[in-house]
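Protein chains in written order, with UniProt numbering: chain E, 1 to 233; chain X, 1 to 772.
Misleading hints may appear alongside valid ones.
Only part of the chain X face toward chain E is listed, based on derived beta-carbon distances under 8 angstroms [said to hold, decoys possible]: (1) Y300; (2) F414; (3) R421; (4) N422; (5) R425; (6) D674; (7) T677; (8) V680; (9) L681; (10) H684; (11) A742; (12) I762; (13) M764; (14) L765.
Because the hints were derived from the structure by calculation, they are not lab data. All of these numbers come straight from a predicted model, not from anything done at the bench. From the three backbone atoms N, C-alpha and C, an ideal C-beta is built for every residue, glycine too.
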Amino acid sequence: MSFIQFEGVEREYIVGDSVIKAVKEVSFSLEDKSFNVVLGQSGAGKTTVLNMLGGMDSPTKGAITVNGEDISKLGTRELTTYRRDKIGFVFQFYNLVPNLTALENVQLAEEICKNPLDAAEMLERVGLGDRKNNFPGQMSGGEQQRVSIARALAKNPQILLCDEPTGALDSGTGRIVLKLIRDIARDMGKTVVVVTHNAPIAEMADTVIHMRDGQISEIRHTEHPRPVEEIVW
Amino acid sequence: MVKGALIKKSIQDMKKNRSQFLSIFIMAALAIGISVGLDTIWTTIDAHSQNFYQDTNISDFWVAASNPSELNLWRVRNIKGVQKAEKRFTVNNATARIDGKPILRVYAVPSENTLDMSLIMSGKKLSKHGAILDRSFAQANHLSVGDPLTIEVNDKRIDTTIEALALSSENIYAVKDTASMMPDPKGYGFIVIDEDRIASAYGGRKPYNQIEVRLAQGADAAEIQSRMDSIFGKKLNFVMAQTDNRGVNFANAKVIQFRSFATVFPFMFFLVTALITFSTMMRLTEDQRNQIGILKALGYSKKSILWHYTSYGVFVGMAGILVGILFGPNVIGRLLLSKIKNLMTFPVEDMVINISKFLFGASIIMTFTAGISFLSCLKLQNEAPAELLRTKMPKKGRHIFLEHFPHVWNHMKFSQKLTARNAMRNKFRIVVSILGVSGCAGLIIGALALFDLVSGIPKTLYEKTYSYDQKVILDSDTTDRAIRNLNLDGIVQDMEESSVQLTTQEGLRKVTAVSVFSKESPLIHLKDAEGNSVTLPDTGIAMTRKLAELMNVEVGDIVNLKRSSDTYYPVTIMKIVYMPSAQGIYMTDGYWQEIGENFRPTALLVQWNKKDNDFLNSGYITSYTDRTTQKSDFEGNLSAIFGTSLLLIVSGTVLAFVVLYNMGMLNFAERVRDLATLEVLGFHQKEIRPLVLTENIVSTVVGIFLGIPIGKYLAGTIAGGFGDDFDLISRVTPDRILIAAAITLTFAAIVNHIVRKKIKSIDMLQALKSVE
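My request is simple: use the sequences and hints to build the entire structure.
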């Protein structure tokens, strides 16, 4: 059994009188400590897949198994615990708490985790050791995203989920951020799932899941993904 | 088209922010409603009484003198500043020969008199043989124009025919004697007859005992009154100013009281309206940065965008004002006036609204709502559309003062650090919350204090000061000896109640009540302001605290006292006593005789071992009242004020809820993104909640504490605003503070519960999508 397994997962939303199927019959499996990309145009259903995997949303049909545990049937409280213990999130818009310093934002993870990593050390690792007392408002987008990565990893999660992590950044900064995610995840042995509409990014993944109209159009495995430095977009 | 789209947007915005706009609306309506409603009470009484005085040509003062001569009258008329002086005869204890033998105050007037005329409501002018009868008395006793009526004056019968029913401006508050507090139209009224008719009861000679004096504009009343001594000499009994007339005094007191309430209380509502509008509109325009940018980019003019946002305030403010002006007079005004109506008799019943105060209040509300809306939008007008369309950087975090104390700061939990930083970043909202809560708590404390002040008066009087079962008003013929011979079974105390004129060394003159009784005084227990017992001095007098204050005298001072004798008798103020209502002086029967008066008991206080009904129905007495009746009458007398207090407690509670709800919601709205982030990170509900709720709880508690001095201040101001007859000590007791705190905290808890539900329903996904 794979580390992450989606089996016939569907997600419907009721908008007014109509039912919209955001995700239809999605099945795939991902290995532990792998680097994966979900690729698709906006509206393809990729964020919905990520949200369900992250325990922020539940499928209307099908099963999602993470490390042997079926999370598709968990209630609100258990999902919170699941997110708390197993998941690290990196968002397109960083979502730092503006009233906490960089260090404090990372320390948030310490507040709630069983085995958190040292916040200051994580900030060093993302290259922001000297900015730890700055507030998000005083930092650039790339720096904020790096704080956000440090925060996600300080929780010492099993899975790191990134929703368009470079979406709000220029390509140079985006590349630095992606490399950081890739390198740290590899060093720490984390499973990573990145959602993006940016096709070249997929070249760095072990597994690429192409999505279109809520369905998987293609799953591609690569033995030798390209290093981030070689990718151009 | 352009206009239509913006109007639709307004409607949508208001729907979306309906709780905030509803709050502004409620506050504005309450502010206007309460200020205009409370104003209506006093403006109505004031207008009706002033008109009444004018229509009936009420005197500026009355001189009571026994058999004044034509020369006396001529001399009064010739004083510079006296416009008119007329004579008449009054007697207070005539009886009507109908069922129940009700008491009538008789005015016997020369036909050429023009002062203190009765206001005829039905019937015709007074003839030589007829009578004008008190309309309320006539209605209560089923008498009407044309009916014959026989009255008994000075043991002689006078037959008359009722020619007219009328009201008298001297009898607005028609109570029979010092023992009564509630008008009893069945048992007491007035009657006016021609001077010739009274002569038959006094051996054919026309008696006079009063001179009515009307002064010219700007005349020095005190100076003119002081000249009565030399004119009337030993015939002078006393001079009574218009304001000392019991009815005038009563109406004035109500005017003073309600004017004070209407000034003190609404302030909080206006303040809170301003604060809530401010926080709502600031947030709305900040939220709509983008939309303002879009409107600008689309080419809407600065003027139309400004008007668009200003119109929110204008509409909500106008709606509040409109409902307030309807609700204030019609609900508050009618409700409270109905409680006063059975106390005072006026020719008209319509309400008089204080238009200028309403316009003033309305313009304040409009300035707040429209002005604040305008300013909050104007702030964004100077930015370029492109700047407005760009997403705004998150508000910068800032290190706070507390971080300079690492041993405190480092031991704080994250939620506490975050709460502290948030609080410092949103100082304005915190200040608004605290101000709002302290206003509500203060208002409730003040309203409770008002309730205590008012309910404390009858308690002090009829539970602590007096211990008789019944107060019996003696017939004027009943002698002290006759009473003693009756051997009544119980504790009996006789007393003489009268009025005397006091003059201070500075020439201040006042007609005041005097009570004379024995030093032992088994049934009247005088006390000082601290509640310690005071016994009457053997020589000299005891004076109530408020009267001493009004006359600017203190213990050891000498005042000149005059009643029926021709000389002023200097008496020393030996003691000060405290009476919450009815000010005057006290002395022993022994001292009363020492200063040349006869002790003739007017009332008998009895605490029965066995009630003697024969005595109570005998000819020795004219009437009697139970102490419990006096107490409930007194309470009835103040029922409008009880109503006011209740109204203020209720509206203070509404105020508290609205403030807390708004501030709680605002705090939540500002936190929503942080909360969603924390939720995604895996924080549980109970770990997230304190971020919002702590601030609400802290500002509520701080607000309540700050509300205590506000409440005390309100209580003090109100206690001082009851008029000359009252001497109230404002006490805000801990249990009142606890009640106010409990009410406020209950609402804080309800609001927190609502916020808690809101937190639970946060849509993480929506909140994380964009920066907005």
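Okay, the hints, checked on the actual structure:
A distance limit of 8 angstroms between C-beta atoms decides the matter here; for Y300(X) the minimum to chain E is near 29 angstroms, and the interface restraint is violated. This hint holds: F414(X) has a C-beta 5 angstroms from the nearest C-beta of chain E, less than the 8 angstroms allowed. With a cut of 8 angstroms, the hint placing R421(X) at the interface with chain E holds, because the nearest CB-to-CB distance is about 4 angstroms. At about 6 angstroms, the closest approach between the beta carbon of N422(X) and any beta carbon in chain E falls short of 8 angstroms, and the interface hint on this residue holds.
The closest approach between the C-beta of R425(X) and any C-beta of chain E is roughly 6 angstroms, which is under the 8 angstroms cut-off, so the hint is satisfied. Of the supplied interface hints, the one on D674(X) holds, with its beta-carbon coming within about 5 angstroms of a beta-carbon of chain E, less than 8 angstroms. Contact between T677(X) and chain E, as hinted, is supported at the beta carbon level, the nearest pair being about 5 angstroms apart and thus within 8 angstroms. Interface restraint check: V680(X) against chain E, minimum CB-CB distance 6 angstroms, threshold 8 angstroms, status holds.
The beta carbon of L681(X) is positioned within 8 angstroms of a beta carbon in chain E (closest approach about 6 angstroms), and the interface hint is therefore held. With a cut of 8 angstroms, the hint placing H684(X) at the interface with chain E holds, because the nearest CB-to-CB distance is about 5 angstroms. Using the Cβ-Cβ criterion of 8 angstroms, the hint placing A742(X) at the interface with chain E is not satisfied: the shortest such distance is roughly 33 angstroms. Taken as an interface hint, I762(X) does not check out: its beta carbon lies about 11 angstroms from the nearest beta carbon of chain E, beyond 8 angstroms.
Because the closest C-beta pair between M764(X) and chain E is about 5 angstroms apart, less than 8 angstroms, the hint holds. Interface restraint check: L765(X) against chain E, minimum CB-CB distance 6 angstroms, threshold 8 angstroms, status holds.
In summary, the structure is inconsistent with hints 1, 11 and 12 from the numbered list given earlier, while agreeing with the others.
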